[in-house]
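Protein chains in written order, with numbering that gives the first Met the number 0: chain A, 0 to 305; chain B, 0 to 291.
Accuracy of the hints is not assured; some may be wrong.
[Unchecked claim] Calculated cross-link-like contacts (lysine-lysine; reagent style DSS-like; alpha-carbon spacing at most 30 Å):
| id | chain 1 | residue 1 | chain 2 | residue 2 |
| --- | --- | --- | --- | --- |
| 1 | B | 45 | B | 63 |
| 2 | B | 140 | B | 72 |
| 3 | B | 231 | B | 63 |
| 4 | B | 46 | A | 120 |
| 5 | B | 140 | B | 231 |
| 6 | B | 45 | B | 231 |
| 7 | B | 45 | B | 72 |
| 8 | B | 140 | A | 27 |
| 9 | A | 120 | B | 45 |
Don't read these hints as lab results, they were simulated from the structure.
Everything numeric in this text was worked out from a predicted model, so none of it was measured.
Listed below, chain by chain, are the residues.
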Amino acid sequence: MKWGLAALSAGVLALIGYFFIRLYIEAKPALSQFGPLGFTFTNNWDVQANEFGALPLVVGTLITSGVALVIGVPVAIATALFTTEFCPPRLRGLMGGTVDLLAAVPSVVYGLWGFFVLIPKLRPAEQWFSDTFSFLPFIGGHVAGPSYFIGGLVLAIMIVPIVSAITREVISTVPTDHKEAALALGATRWEMIKIAVLPYSRAGITGASMLGLGRALGETIAVTIVIGNAPVIGNSLFDQGYTLAAVIANEFGEAASDELHRAALIAAGLILFILTLIVNALARAVIVRGPARMADPIAESFGATG
Amino acid sequence: MSAASPPIARISSRRRRTDQAARALLGAGTVVAVIPLVLVLYYLLKKGLPAWSIDFFTTDPTGKFFGDPGGIKSALLGTIEIVGLATLIAGPIGIGVAIYLTEYGRDSRFASAVRYFIDVMTGVPSIVFGLFIYITLVVTKVGGSGFAGWKGAIALALLALPIVTRSAEVVLELVPDSLREAALALGAPRWRVIMRVVLPAAAPGILTGVLLAVARAAGETAPLLFTATIVKASTFDLQAPMNSLPAQIFADVGQAQDRLVERAWGAALALVMLILIFTVLSRLLAGRSRLR
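Use the sequences and the hints to build the structure in full.
Next comes the structure, spelled out in structure tokens:
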């Protein structure tokens, strides 16, 4: 039994390695035609002309994920702090559970809702914002319905539960002694959070945010529906764009017969894979290197969501 | 040492106001986090329920752009088949790996490597899993056909595997060592201890993890688009292309036709209900577990 199970585990490892190699081999036609750097950093995605430079997609992925972090992370941290430190203990489980339910809504449903509800309802507000703050960079001009901003907003909603759940786990590892010591010295609840909770859990919260970023980078269907799918770099936050994941979902059907196009899409997948790999590895490094020895908050959060 | 001095200094009003402001701000953040959930559920019920009827669940999509678009029978059936098969694949493998990690591997270098890469797998975007299955199984026509339901199931299983493993590992570690030691001291071999003592104790928790993974997998669209694809007819043949709820919704959202959009809302409501049932079941099980 021991060796059987070990072989099973080794099989999983081998699978991941094989996974990476196969992706690389299949992406090779595109990578060798345009060069790996040329492919990634050329601003020209033109299917008709058989020219594939993925920069508009990379930029779109980074912008939407950036928007998602800026909006989602503060909300997630606020939620985690409120449920662990301010919420009456009786309501704590309920609050946490409700936020976790956000993760139960499938990506495609967020897309549906974003497209038919969020886009029309938010448009006037976006236009007002765009006109009023047009002096800011990347703001101003006509507001397209589907846009980077809407994509980022939907992503923000989707990363809140994961960031919040891990942050809650991290905060729960703060020693009660530290918190009680702060309170005993006369600190208010907020001061206690500032001097005892936040410094102790800063690394963990950073890691949680990065895991959220990893999730946002790879999220596909919701973004595909609300981003507008224009393979250019938009002038403003409210312009239509495209992301790496969205281009794969959209163009794969038509690309099956065209070898170069298909290789380009697989190369886009490879970039996405490497990007998320780096972000996740960094996140884990940050969390593990946190102060003191703490239980593995990632594994814990998987258990705790149950 | 005059008795008149107050034993505890009062908190200055500035500090108290800061505290209240922080409390209000964090509370507001929590409300903001919950608003989307309420709104999504509200619109799902408002726009999805009118689409529901007996016919909606018992007819296949017709594929007609004008006229009667048909229901979601094939999509619902396909989702159940694909997710069921994915669970049968990911469940045993995931639990097996978790048992290895907690009972045998523990802190060995190999076990740490497995743990690390399982974590890496959690971070891999679902669409990349779809690509991988497309490259390895669909293009090569493994099993005689290109697109097939079982290939979609494998893509979903890859997605569910790390969730099952990690949650099962957490639960297995909660089983007290004294239980294992007692059984071993009675002379039971290791595999017997695992099968008769450790697994039964951890079963509810492990099942919770599996159900959560199922719930996650059921909502995934991206890995199915180019493995099982989108078709109209219902099928029980796992070798054939197979419809699924998320893929059907995705196909309908892109159509500028009210009845197709209405079907998308109805299907979305059905999908969310399905996932909520799994989620609630997993919570009930988690509540029953004696380990937590």
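Against the structure, the hints come out as follows:
1. B/45 <-> B/63: The given pair, whose Cα atoms are some 25 Å apart, holds under the 30 Å limit.
2. B/140 <-> B/72: holds, 27 Å
3. B/231 <-> B/63: Holds, at roughly 10 Å.
4. B/46 <-> A/120: holds, 16 Å
5. B/140 <-> B/231: Distance ~21 Å between residue 140 of chain B and residue 231 of chain B Cα, so the pair holds.
6. B/45 <-> B/231: At roughly 26 Å apart (the allowed maximum being 30 Å), residue 231 of chain B and residue 45 of chain B satisfy the hint.
7. B/45 <-> B/72: Holds: residue 45 of chain B and residue 72 of chain B sit about 21 Å apart, inside 30 Å.
8. B/140 <-> A/27: holds, 21 Å
9. A/120 <-> B/45: Cα-Cα ~16 Å, so holds.
Checked against the numbered hints listed earlier, the structure breaks none of them; every hint is satisfied.
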